[in-house]
Amino acid sequence: MEFFVCFLFFLTFSVLTAVISYYVNLLFFQRKAVYDREEITQVLEPSLKIFYEMLDSKGNIGPGVGLFMGFGLFSYMVSLLGGIVGSPHYSSSWGNYFFHFPFLCIFFLFAFPFLEEGFGRDQFRFFFKSGRAVLSGLGLGSCSAAFTSWGLYHDFSFFFCLFTLVVLCPLVFIWNSQIFLGIRIGPVPSLEPAWEEEPGFSNVPSSLEDDLDFPEEDFSSSQSSDSADSDSTDSDVLDWDEFEPTPQSPKDKDPW
3 MEFFVCFLFF
13 LTFSVLTAVI
23 SYYVNLLFFQ
33 RKAVYDREEI
43 TQVLEPSLKI
53 FYEMLDSKGN
63 IGPGVGLFMG
73 FGLFSYMVSL
83 LGGIVGSPHY
93 SSSWGNYFFH
103 FPFLCIFFLF
113 AFPFLEEGFG
123 RDQFRFFFKS
133 GRAVLSGLGL
143 GSCSAAFTSW
153 GLYHDFSFFF
163 CLFTLVVLCP
173 LVFIWNSQIF
183 LGIRIGPVPS
193 LEPAWEEEPG
203 FSNVPSSLED
213 DLDFPEEDFS
223 SSQSSDSADS
233 DSTDSDVLDW
243 DEFEPTPQSP
253 KDKDPW
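The sequence shown maps to residues 3 to 258 in the numbering used here.
Worth flagging that the hints you see were computed from the coordinates, not collected in a lab.
Hints may be right or wrong, so weigh each one.
[As the list claims (entries may be wrong)] Distance condition first, Cα-Cα at most 25 Å in a straight line; then the derived SDA-like pairs of lysine to any residue:
id : residue 1 : residue 2
1  : Lys131    : Val21
2  : Lys34     : Leu13
3  : Lys131    : Asp58
4  : Lys51     : Ala35
5  : Lys51     : Val26
Required output: the full structure, derived from the provided sequences and hints.
Laid out in structure tokens, this is it:
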């Protein structure tokens, strides 16, 4: 029963993180001046897209799903270690708060650049390509375990559960491929051009084309007028090579 409740919390917080990531990206990262109504109300499809991109590893979603679920389960198993210090794992004691705290998620976040530099080129390359899924599984698993202990047994501190949600705020940056404290996990967002590029033509945005109002000229009429003018000038000019003087008769000759 406890594992099933923890799994429900895990799915709920995953969807909630995707929705919050979408709104944060829309309102703070993009910083648009005008928002459409559909962008505010229709959040299911873009939120699922963000969740899918978090699990995706360059077109291969299988390893991401496995690592996300596996490390979520691992965080839940770590939370059960609180009973080793002498009390049940769901009671309000310092040992349970320590093992329910997402310290593994925080450690993996700040150690990721060094781990990737040391082991990212070996056989663990697929592991670091799915780094966002690993980080999310560790964080959401610890948070789900804390809310499970509070919801089932009511001995856990609710404010500690809320604090674990605050600690997971870096996931909003990571899921949007943003930099958090100089750390980026995941692909670098590509800069798409504002207009389509066509070979052989100068790429001018449509906004600039509207501002540039060039007068349209009727080249056909101008060509016809030029040809007419050239014909008239040719007719007015005498061709001296074709002019032949008429022969004079004997009467017209000078008798002298």
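Among the hints numbered above, which are violated by the structure, and what are their numbers in rising order? Per hint list: single violation, 2.
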